[in-house]
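If you read the sequences in order, they're chains A and B. Counting along the first sequence from 1, when you hit position 64 you're at 64 in the numbering used here, and nothing is skipped either side. Counting along the second sequence from 1, when you hit position 150 you're at 1150 in the numbering used here, and nothing is skipped either side.
Any given hint might turn out to be false.
As the list claims (entries may be wrong) - Beta-carbon label-pair distances, calculated as ranges: (1) B:Phe1141 <-> A:Glu291: 49 to 57 Å; (2) A:Ala199 <-> B:Asp1239: 48 to 56 Å; (3) A:Gly60 <-> B:Ile1092: 47 to 55 Å; (4) A:Gly95 <-> B:Phe1061: 48 to 56 Å.
Stated by the list, open to error - Calculated Cβ distances over 10 Å to all of chain B for the following chain A residues: (5) Thr47; (6) Ala87; (7) Gly95; (8) Leu102; (9) Val281.
Treat the hints as calculated values from the structure; they're not laboratory data. Bear in mind the structure is a predicted one, so any value in this text is a computation, not a measurement. Each residue gets a CB set at the ideal place from its N, CA and C atoms; glycine is no exception.
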Amino acid sequence: MRSTQGVKLDQGAPPDRDAAEAPAPRRTSNLREQAARIGRHINFPGTAFLVVLVGLWQAGSSAGVVPSSTFPSPASVITQTVDLIGAGTFLPAVGHTLLATLVGWAIGVAVGLALGVWLGLSVQAWRNSMLTIEVLRAVPPITLVPLLLLILGFSLNSEFALSAYGAVFPVIVYTIAGVRRCSPAHADVAMMMGISRMAWIRKVVFPSAFASIIVGLRIGMGTALGLSLVSEILGNPSGIGYEIGLQQTSLNLPALFSFVLVTGALGWLLNEGILGTARTVFPHLMRHAGEETALWLPTPPSRVG
Amino acid sequence: MASDTAVKSRLMDGVKSRLTSSRRFQGQDNSRAIPPILGLWPLLLLIVLWQLLGSSSSSYFPRPSTWWTSIDSLWVNGTLVPSLLATLETFILGLIITTILGTLIGTLIGRSSFADRMLGPLLEYCRVLPAPATVPLAVLFGGYSQTMAVGVVVFTSIWPILLQVRASARAVPGELLDVARTMHIGPRRTVTKVIWPLLLPGVLLGLRVTAPIALISSLLVELITNIGGLGAVLAQAQDNYRAAEVYSLIVVLTVVSVIVTVIVSMAESRLRRRAGR
Chain A
1 MRSTQGVKLD QGAPPDRDAA EAPAPRRTSN LREQAARIGR HINFPGTAFL VVLVGLWQAG
61 SSAGVVPSST FPSPASVITQ TVDLIGAGTF LPAVGHTLLA TLVGWAIGVA VGLALGVWLG
121 LSVQAWRNSM LTIEVLRAVP PITLVPLLLL ILGFSLNSEF ALSAYGAVFP VIVYTIAGVR
181 RCSPAHADVA MMMGISRMAW IRKVVFPSAF ASIIVGLRIG MGTALGLSLV SEILGNPSGI
241 GYEIGLQQTS LNLPALFSFV LVTGALGWLL NEGILGTART VFPHLMRHAG EETALWLPTP
301 PSRVG
Chain B
1001 MASDTAVKSR LMDGVKSRLT SSRRFQGQDN SRAIPPILGL WPLLLLIVLW QLLGSSSSSY
1061 FPRPSTWWTS IDSLWVNGTL VPSLLATLET FILGLIITTI LGTLIGTLIG RSSFADRMLG
1121 PLLEYCRVLP APATVPLAVL FGGYSQTMAV GVVVFTSIWP ILLQVRASAR AVPGELLDVA
1181 RTMHIGPRRT VTKVIWPLLL PGVLLGLRVT APIALISSLL VELITNIGGL GAVLAQAQDN
1241 YRAAEVYSLI VVLTVVSVIV TVIVSMAESR LRRRAGR
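Use the sequences and the hints to build the structure in full.
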């Protein structure tokens, strides 16, 4: 996974009083290291490889090596995308899916964070409800698509409900794990200071759980996007999913590719959006978390699935 | 001055009691342990209330006893078992291919820093590409066949295991490889004695994350393309507004999903114990 570190310099930033953790180590001392980090952030070989790949694909299409019946040329995909934007179908579809995913995700995150903090802090609550949550989490979310389409009909509401359902469980599980990671020493110090329970959650528990929560948010976003797409493919007559189904039936391959490829871009954008927002709103926590917000870490035993 | 000490001691008592109460739930990570059976009561209560207060003829929320009748009729008319087996076949084939390919490719990419940098963005893009969007493309290449279904399962569920193994392979310490080289133990034993034991936890973790995704992907393909399997049965039940059947299939698939998770977790802990970590 690419480095998730920000490239922003942290010199001159005011000390964040909310960061109850130890101050983040100074990393700007070495200019060369800083330049290397920015360089690493751009990843030239990776970008070059993508460009070469698309170039080869185009060359293959032009030479007739790549059959256009399955792989339309990149040029035709781009022209088709421009045409679709001009015709006013592309952007509304993307907007619809984006709206459905984001609203559903936000609902799921709100519920998931509240439940996660509660179950992570209270052993009683955890004992009395965790197995129910585990059973509900085991329900393959995809099976709920037919059910919700049946109950709520082919509407934006069913998309909201599905995205929320997809997001809520990863957020709960990762929040619980994160809250449990809060060190007893930090908790004790906070207690000694005699701060209120809400302040304690905000200043001690939240910073400790932060990295884990970010992982939950990212996984939840992936599920939310996938579920809104399925419900669009199966029922709702709008959004990218619906367009994908439509273009597949009419065998308009450049348009099909254009809509499929944009879902990946959307997934990437939403993922980077979470990290970028976190970096802007919680710069200290994000810097302190470092690689902990990555989805794949080389130290497996401490992760939950 | 006596009152001062009294205040102090009362303060300390307060601090102590808060300390112990905080200790009770802090620093214990049982997020991976199976939660106590007690926690099932909210779900059971819900089902009992649903049964007592619900009606059998409700078109959206039929009471749980009707779920049983509908699963029974699916069993009797012979759709349940063959469909379940078809789904499981796609799932298991997909998972086996995914595990092998994911481990191999992940190791190769993780061990070569150039390949790692070069393929990084492409892998990241493929990971975030939502599974449902890939199904129409897969149909284009593979037609409505089981090969296509397995292909979709592999393409959509390979990323957790591949990227996890890549992260683990990246972290294999170079000193250990140097030791292997100094001892002239040969490439085969370097892989089996040095690299594999270090990768195993990553592979197992990746497998645990991948298995549910593979099951969901198998259902997804069936649901969208209507090729045989429980996903297709589910889609038909929805099309014909048979709510009880939809609920019963959800229950069946949840049970399957729980069994898969339990098997994978058991295999993981057993293999990990045998590997001594």
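Non-conforming hints, listed in increasing numerical order
Hints 1, 3, 4 and 5 contradicted; others consistent.
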